[in-house]
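8 protein chains.
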Amino acid sequence: MQVERLTELLRAVQAGQTSVDAALDVLRDLPYETVADYARLDHHRSLRIGLPEVIYGAGKTPEQIARLLERLTAANGLAVATRVSAEQAQAVQALLPAALYHAMPRILTLGMAPALPADGPFVAVATAGTSDLPVATEAALLLELWGRRVIAINDIGVAGMHRLLAQRELLTQAAVVIVVAGMEGALASVVGGLVAAPVIAVPTSVGYGASFGGLAALLAMLNSCAPGVAVVNIDNGFGAAALAMRFLR
Amino acid sequence: MQVERLTELLRAVQAGQTSVDAALDVLRDLPYETVADYARLDHHRSLRIGLPEVIYGAGKTPEQIARLLERLTAANGLAVATRVSAEQAQAVQALLPAALYHAMPRILTLGMAPALPADGPFVAVATAGTSDLPVATEAALLLELWGRRVIAINDIGVAGMHRLLAQRELLTQAAVVIVVAGMEGALASVVGGLVAAPVIAVPTSVGYGASFGGLAALLAMLNSCAPGVAVVNIDNGFGAAALAMRFLR
Amino acid sequence: MQVERLTELLRAVQAGQTSVDAALDVLRDLPYETVADYARLDHHRSLRIGLPEVIYGAGKTPEQIARLLERLTAANGLAVATRVSAEQAQAVQALLPAALYHAMPRILTLGMAPALPADGPFVAVATAGTSDLPVATEAALLLELWGRRVIAINDIGVAGMHRLLAQRELLTQAAVVIVVAGMEGALASVVGGLVAAPVIAVPTSVGYGASFGGLAALLAMLNSCAPGVAVVNIDNGFGAAALAMRFLR
Amino acid sequence: MQVERLTELLRAVQAGQTSVDAALDVLRDLPYETVADYARLDHHRSLRIGLPEVIYGAGKTPEQIARLLERLTAANGLAVATRVSAEQAQAVQALLPAALYHAMPRILTLGMAPALPADGPFVAVATAGTSDLPVATEAALLLELWGRRVIAINDIGVAGMHRLLAQRELLTQAAVVIVVAGMEGALASVVGGLVAAPVIAVPTSVGYGASFGGLAALLAMLNSCAPGVAVVNIDNGFGAAALAMRFLR
Amino acid sequence: MQVERLTELLRAVQAGQTSVDAALDVLRDLPYETVADYARLDHHRSLRIGLPEVIYGAGKTPEQIARLLERLTAANGLAVATRVSAEQAQAVQALLPAALYHAMPRILTLGMAPALPADGPFVAVATAGTSDLPVATEAALLLELWGRRVIAINDIGVAGMHRLLAQRELLTQAAVVIVVAGMEGALASVVGGLVAAPVIAVPTSVGYGASFGGLAALLAMLNSCAPGVAVVNIDNGFGAAALAMRFLR
Amino acid sequence: MQVERLTELLRAVQAGQTSVDAALDVLRDLPYETVADYARLDHHRSLRIGLPEVIYGAGKTPEQIARLLERLTAANGLAVATRVSAEQAQAVQALLPAALYHAMPRILTLGMAPALPADGPFVAVATAGTSDLPVATEAALLLELWGRRVIAINDIGVAGMHRLLAQRELLTQAAVVIVVAGMEGALASVVGGLVAAPVIAVPTSVGYGASFGGLAALLAMLNSCAPGVAVVNIDNGFGAAALAMRFLR
Amino acid sequence: MQVERLTELLRAVQAGQTSVDAALDVLRDLPYETVADYARLDHHRSLRIGLPEVIYGAGKTPEQIARLLERLTAANGLAVATRVSAEQAQAVQALLPAALYHAMPRILTLGMAPALPADGPFVAVATAGTSDLPVATEAALLLELWGRRVIAINDIGVAGMHRLLAQRELLTQAAVVIVVAGMEGALASVVGGLVAAPVIAVPTSVGYGASFGGLAALLAMLNSCAPGVAVVNIDNGFGAAALAMRFLR
Amino acid sequence: MQVERLTELLRAVQAGQTSVDAALDVLRDLPYETVADYARLDHHRSLRIGLPEVIYGAGKTPEQIARLLERLTAANGLAVATRVSAEQAQAVQALLPAALYHAMPRILTLGMAPALPADGPFVAVATAGTSDLPVATEAALLLELWGRRVIAINDIGVAGMHRLLAQRELLTQAAVVIVVAGMEGALASVVGGLVAAPVIAVPTSVGYGASFGGLAALLAMLNSCAPGVAVVNIDNGFGAAALAMRFLR
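So the sequences go chain by chain: A, B, C, D, E, F, G and H.
The opening position of the first sequence corresponds to residue 341 in our numbering, with each subsequent residue numbered one higher.
The opening position of the second sequence corresponds to residue 341 in our numbering, with each subsequent residue numbered one higher.
The opening position of the third sequence corresponds to residue 341 in our numbering, with each subsequent residue numbered one higher.
The opening position of the fourth sequence corresponds to residue 341 in our numbering, with each subsequent residue numbered one higher.
The opening position of the fifth sequence corresponds to residue 341 in our numbering, with each subsequent residue numbered one higher.
The opening position of the sixth sequence corresponds to residue 341 in our numbering, with each subsequent residue numbered one higher.
The opening position of the seventh sequence corresponds to residue 341 in our numbering, with each subsequent residue numbered one higher.
The opening position of the eighth sequence corresponds to residue 341 in our numbering, with each subsequent residue numbered one higher.
Bound-form chain A, shown alone:
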């Protein structure tokens, strides 16, 4: 609860305009909404951290996802669920035909997406290889759903440095660069050494054997010799997009 709100409320209590019980209720119930008995939607989040609440689809039933999508759309005009499998999506759409499924990033949306700016600051979303696309498009689509301009720069892994260097100008123009890479994740270090903008490194689980589900790329990115590379969880396109939003405020 922000100090301003608390001050205002206290003043209303002081002025006798609000009773103590009512003030207690406001303090307790205002910022979220209880759905059935299993969820508390954090409508306040957008005011607090600049991002609307997003539904984490994994481990939820289709009924829960549908119910939460409806409530968030009612509040914000647009609702988003991530990590929704094709099976879950189909079941939700049976309940909620207006929901739209984006298969590659496994995102389900309900409601109206915003118009995107044709120019101005943009986020570059770069991938090391084609197999990193599902994670990269999760980040890119979320940024677009939140109204940001995105440019994708795909398949510029360090095994062919000329492909990367040819994109250097575009990379240096970006307000934020999201680097999505599996295997050894070296792209983050190289980009981190080329641009001055914040570089957000997303390790992916692309690889096999001693990649250990993305651990190799994660550790590499955390140990980047380029100074000041931000790392998020493995395959966490959502986290990268949210972090980019914090930078772009």
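It should be emphasised that the hints constitute simulated quantities derived from the structure, not laboratory data.
Ideal Cβ positions, reconstructed from N, Cα and C, are used throughout, including at glycine.
Treat the hints with caution; some may be incorrect.
Some chain E residues close to chain G (C-beta under 7 Å, calculated; not the full set) [unchecked claim]:
hint	residue
1	Gly390
2	Leu391
3	Pro392
4	Ala438
5	Pro538
6	Asn563
7	Pro567
8	Asn573
9	Ala582
10	Arg586
11	Phe587
Computed spacing ranges between beta-carbons, pair by pair [to be verified]:
hint	chain 1	residue 1	chain 2	residue 2	range
12	E	Arg589	H	Thr401	35 to 45 Å
13	A	Glu509	B	Asp377	27 to 37 Å
14	B	Ala443	A	Val360	50 to 60 Å
Some chain C residues well away from chain A (every beta-carbon gap over 10 Å; in silico) [as the list claims (entries may be wrong)]:
hint	residue
15	Ala398
16	Tyr441
17	Met452
18	Asp459
19	Glu484
20	Trp486
21	Arg503
22	Ala515
23	Phe587
Here the structure of chain A is known, so what remains is to put chains B, C, D, E, F, G and H in place on it, guided by the hints.
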């Protein structure tokens, strides 16, 4: 090599003002300086990514550190070495009496630190506990050496939420928040849910047993339920400061 | 074997009321029952540790589960099997139509559940997110099957502290608090710092990437900066319920 | 902040007895004390969770430890610092001669320890082997400093079951049993199957090779086949004592 | 190649009874048989280490398994393949109707099993719980196929010590005890402290969460406080049986 | 970009034969080809590192694989995709009937394979067991598709040293030896001690339990006591073949 | 407690020769001796498992070690402490001048060692390299202190197979073979494939980097392709000796 | 034993020139020399794998190192011990004043180093940073002691790509490139994509936190997206040099 520089060079070659061999030399040698035969100082880094080169002290001999400090000071007016042990520092100071050692953050500097702004945007550097101070001061001192305003908010670990909530206003005013925490590292998630600014989480090796040298805090921060928390390596105050600089451009 | 029982038996032997061979048999065979040749039901457990034996369903055949349910119901009036998949449950119900399957917590019961107290001491079962419900309901249902009052407090993860703080009064009234959380598991630390009751932390495998199947939450909870948080195995709702029972004796 | 306090404060504001600004200050500053600029002592903790704040000595300077001991003693009459090395202790005692060092549990105290009850409920602190004593005595000493009766039962590891079974009666009489064991940590499972009281398992780093600093015992205890064993961090005698205190309220 | 064989061969060469080329061929080709081009059956193994070759079924095609079973049966009268899934077994049986599938231990046999001794030395195969049976029956069946007497002692996990102690006499009579246990694997330590015979500990993957696929039991068994416990790989019933055979020679 | 090409280009610019803009375009676009917007084919790779680009099939859609196969075949006459599942292969073949699927090594090819030399230097591809064949045939087939002579030496694991020693002569004649082994991977050390040629060790995920998906073999090979053994990723037949090509230049 | 002893005791109670209380005391107190309050010496162990109790020196004070050595010598004529550092040994010898320190295996003994048989069955203790000697000599010395004949076969690592093959005859004559190896630990597999006797594999922490303190050798040995290799903990010469004793009964 | 030698020996036996016993002795004893009873020097190694035996200093006593250096020098004219600490070196030099210690690579030599070729094929030893020099110089010095030409290219980490690209021509001219890098080890991937020669990647333990002693670099290198990169153990300059020698035969 930036496109503008390349264009200019090509134009000089076209005009016959520069020979092909000279152009090749420029392309090859311009942006760094070789020191003895063991180091190549990246003077270009500051232009490229907005940060001067910093010497990583661990595993270097006192002679190497002293030599590199001198060359970087000659170029920039101020040189910084991190991860310098008390023993190394003493040996470097024997060679270079003007070097100044900051014991808690283990930083050695040579040259003139910049004046700091008295107000304006600031970086909040928050610690969960007093034992996290060495890492936090590494970040804070570097930011000050790079000319940024810093406010320290210490000992606000989540076991006493009221301590943290009392600092909430200050946290929400920061341009960037660096959260330094060991043990379970939960402070990053709580701060990430309270502020809209970029939150940079630095796990520390404070703890024992199943902390596994900071692994517990690192994994916790990577899995933060607060959206968009940037993570850097364990005990990496330097990385946090560098990432903050990228945000503050 | 308890000293009292042994004393009594020795007295009977001393008095000639029991032969040596009979005493040996009692000592050997009393406290458990052999089922087919693959299981020894520990009917004595309830006397010894205050909890009836529960069947661990994973890796057992439907026939084994059905047989063990029958024998435990015959002894206690109610039998419980945990970690029973939907497929296993269906196969057991074909053999034992009276068995009841609880799909979310994956529990199969046979026999009569006890009546629950309408008020008095209760166990609060709190979840960080909706995806933690299967584990939380395993704990809650078991406690209810063992006759305890439970109040569920769902979706109070630390990314929206106001949701948690609004439930603080309820949390402080509980006799025991079970905190069920995946991802970074920070809820355990925050609750541990708010209440004086025993806090039982259950890490869940909710998450992906560097959650490593719940390892991140487990390590975080083990390293909690709040003093005196009890940790059980990942996804171990059963263990949390059993531990709560020990506290409630 | 508890609802009662908030209600009272709101009533005072309503009655005009307290100004809005004063109320804000109370809400913000009441429960802790800032020491120098590196620590915030949580005097409120004792009211909130039933345990006084304890200083974590690792990674703190002797000056910091001495200063914090003084402030906590001033507030509570007795202050305790854990994980204090012999070197740290000597340096603190140079500053604070009244401080008392307990070498085996590495605890430093200042002030008056409470009298202990001669009988009544007790905590049993059991070790698997003599090498587990440092951790066990950390738990036992803290419980005594907090006014609880403790009985030590040493060297009853499962390789000689008769040693353990001979102590069974004493174990079953305890209000809480703390089991301290390294190597394979099997003692926790066996005790967990013998007694109905809460069993708190403390894995220790006693062992070598594939003990991996206590990981083997930790994992074993988390996977205990005895239902409802509470686990704390490796070598965490402090956590075990704090958890026992929660049970004993 | 044994010294005796080499001596004999050299003598034959010395005597002119064997040519140099023929001797080379013997030295090269004698002890194994090439099947198609993908396998070399080690018929010599039985002479060398006292155990016939066993086919490791995982990762082999049904054709390969069938072919190898035929060749080994031709040589030995009985052939055994382990780690054969139900699907593989069905496909092999389509090619080789005489093959017999043992579903619980996932073993496929072809040919005549030996008669078993009615009394005399026996191997005790003990399980902690019913879910450990697949691994235990792999060990037991192999021992019986190799002509050894086996007694199974099931479900004697340490959470109910009286079940284990009741079997103590039988355990002490065994020539070798194989202990099969998942979760925390404590049974190996307790049995290791009760009997003088070789104790072979087989960790199983029974468990979940921090069992990490049997790692918890494996580490516990390697760190057993009972002296001289032999450990084999997780779920390795075959290895335990083979090790028992070495002891029983 | 090689110095020669750059020199030539600069000369053309100097001579006025090439404009500055055209030169910039050449520098930027020459060495790769953009396919749709998700891939950049590195046609230059063959000139640079002596190996044509190979498509990594895992995580790509059949459409992407088909499109990339076509473009690479157009450029090189032969295109190869690795890690293609049977399902993917079938879907690609529906789009591209000329594509040929090799089931065991999971490789899909399009175009004309080269003729192989009947004698001369060869690569020996040795396996420890039959279950290692899928990885070994990936290496062997790729080498043959790149025009090299390969001799397979299967099932020579160290449990039957005589099988290995019988192949010693063949192994010592090879120009390069690729050793493919799972479980404990000891074959690499033994071969590394027998031959002077480069030994490339490929750990496989053959095994179970504490093999941890090939980690045991990987660590063993990295710690080989035989000097100078080259290790590649787990199951990485492709990497072994590529490394062999570098040796054979 | 064995059935025979219990029967006898019960008979004495039946006959009125022993009172109930006295019988209880016997049952409780017979088999161990309490030393100070920190240890319970298991004198019964020798009868039960055929091995006298051995003091684990790590983590014990010199006073504790000295006291325990005296008590065990009084009971058995010879007492042994393992894992005693040179510093501990010196301090114990100051208290107990008759104690003898064996520096390489870090063993301290008190009392009379037995005479060793000049021929007959022997244990072969083989090392892969000279750096494995401290662990190997721990095993060998303990076996000799327990009266067994030992033959050491050093430095026969698999990188030079001829060194190993030259010792093959000696290895095949041993009653038990203990294989001590660090790095990749391949020696255990090769020996396991050559001899029929029980092979006890002791991984050592010899190595660096990805040896991870002996983990590489441990995993390799657990995954040995030779059937029936017994594994003990890393650097656990004591465990290997104790296991050999079980085989040699 | 090579076939040629065996053939020759058999022919001598056939011709009666060699007795059977003498032939057996040759077969058994020829290729190594026993030193004291703790080592078997593999003089044959040079013939077999093209590299003389090198003494691994870690864990050996100074006496052992000195003795082995003398014997190897007697046989080869030059002997080398690696991983020798400054303390060990000083103690060996007290015994053997002619031994020469190279402090940075921690190598001790005895005897005459060969002359080096002034031109011709060379091995490039590249480091990412100055802190990688100890490992790089271990590789470089060994190669020079084995008579090979080496060119060091230091401090070309990927955070400043222009430093690396400026050395590209030199890198492409090398017969073999050894890449020595800690932290994220990305240099190996970039170099692997630039040159056609064998690239040997040596991860170093340079770094901290989530570098986990070089694990991050090791995993990155094993997962390199550049095809055909050879990896050796962490900090294993010796292994890299030995592997380079195999390529250079």
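Evaluation of the provided hints:
no.	hint	verdict
1	Gly390	holds, 4 Å
2	Leu391	holds, 6 Å
3	Pro392	violated, 10 Å
4	Ala438	violated, 25 Å
5	Pro538	holds, 4 Å
6	Asn563	holds, 6 Å
7	Pro567	holds, 4 Å
8	Asn573	holds, 5 Å
9	Ala582	holds, 3 Å
10	Arg586	holds, 4 Å
11	Phe587	holds, 6 Å
12	Arg589(E) <-> Thr401(H): 35 to 45 Å	holds, 38 Å
13	Glu509(A) <-> Asp377(B): 27 to 37 Å	holds, 34 Å
14	Ala443(B) <-> Val360(A): 50 to 60 Å	holds, 53 Å
15	Ala398	holds, 19 Å
16	Tyr441	holds, 16 Å
17	Met452	holds, 26 Å
18	Asp459	holds, 19 Å
19	Glu484	holds, 15 Å
20	Trp486	holds, 22 Å
21	Arg503	violated, 5 Å
22	Ala515	holds, 21 Å
23	Phe587	holds, 25 Å
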